[in-house]
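> As a plain string of letters, each chain reads:
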Amino acid sequence: DVKVTQSSRYLVKRTGEKVFLECVQDMDHENMFWYRQDPGLGLRLIYFSYDVKMKEKGDIPEGYSVSREKKERFSLILESASTNQTSMYLCASSFRVDEQFFGPGTRLTVL
Amino acid sequence: AQSVTQLGSHVSVSEGALVLLRCNYSSSVPPYLFWYVQYPNQGLQLLLKYTSAATLVKGINGFEAEFKKSETSFHLTKPSAHMSDAAEYFCAVSRGGGSQGNLIFGKGTKLSVKP
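Chains D and P are the protein sequences, given in the same order. Positions in the first sequence are counted from 1; adding 11 to them yields this note's numbering. Positions in the second sequence are counted from 1; adding 1 to them yields this note's numbering.
If we strip away everything but chain D, and leave its shape as in the complex, we get (with noise of 0.2 Å):
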C-alpha cells in the first residue's frame, strides 16, 4: 500500500515564526501535492510538484513557498506565519493523471 506520512499530526507555532511541514511518500510517485483545508471551503491546492527540485503555483500560494530535492520528500514552508495560516494542511502523491494519496494532515495552529 502506498504511505504518504507527514512529520507531525498537531502543530504549534507563534506568529512570525518560520514553519516547516515534511510529507514522505513511499511509492516512487512523481506528483506531489500541499493542500490546506478549512470549513465549508473544501480543499484548496496551495502549491504542486511534478518532478524533483519542479514546483509549480496552486490556487493560493500566497505566504508558501516548497521546496522538493528528492523525489520521495516535499516541504511545505510557512517563511513568516500567520494567523490566518492556521489551518490543516494534507500531502498528497500520485503517478501521473490518477488518484492521489494523502496523508493523515498536519493541524497547524499559529498564536
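Keep in mind that a hint or two might mislead.
[As the list claims (entries may be wrong)] Heads up, incomplete: computed chain D residues facing chain P, CB under 7 Å, no partners named:
no., residue
1, M99
2, L101
3, E110
4, F113
5, G114
6, P115
7, G116
For the record, the hints were derived by calculation from the structure and aren't laboratory data. Quick caveat, the model's predicted, so the values are computed rather than measured. Heads up, the beta-carbon is just placed ideally off N, CA and C, and yes, glycines get one too.
With chain D fixed as given, assemble chain P onto it according to the hints.
For chain P alone, kept in the frame of chain D given last:
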C-alpha cells in the same frame, strides 16, 4: 475551466436508508472524477474513480457512482447507510490539459447517520 459543485454541505439519513450525495462538474475536456471520504482527524481516502471506462463505478464500502455526461453529474449512492458511513465526502475532477494529476475538489458534504 474545470469546477465541482457539491449540493448540500450537510446530509442526514437514518441507518438503513439510501445515501445520495450529489456532485456536478464542469470540464472542457473528458474528465476524470473521484469521490473521497474523510473520517474525523484523518486524511482523505479514495472511495471510487471514473476514468472513461464504465459509467457505473463501484467503490469500497458498498458505494457506487454513475457518470452522466448529459447531466454533468457524478452522484454518489449507497443503498443502505451504516453508522460507520458518517464522515465527510469530497467529489473531485481532474483539471486536465496536461496538469500533471491536479484535482479540483468540491467543498465537501458531511454525512450524518441517525440510529
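> Each of the hints needs a verdict: does it hold here or not?
Consistency of the hints with the structure:
1. M99: Not OK, violated: M99 of chain D not within 7 Å of chain P, min 9 Å.
2. L101: This interface hint holds because 6 Å falls under the 7 Å limit.
3. E110: For E110 of chain D, the interface hint holds, since the closest Cβ of chain P sits about 5 Å away, which is under 7 Å.
4. F113: Since the shortest Cβ distance to chain P is 4 Å, the answer is holds.
5. G114: holds, 5 Å
6. P115: Holds, because the Cβ-Cβ distance from P115 of chain D to chain P comes to roughly 5 Å (cut-off 7 Å).
7. G116: Holds - the Cβ of G116 of chain D comes within 7 Å of chain P, reaching about 5 Å at its closest.
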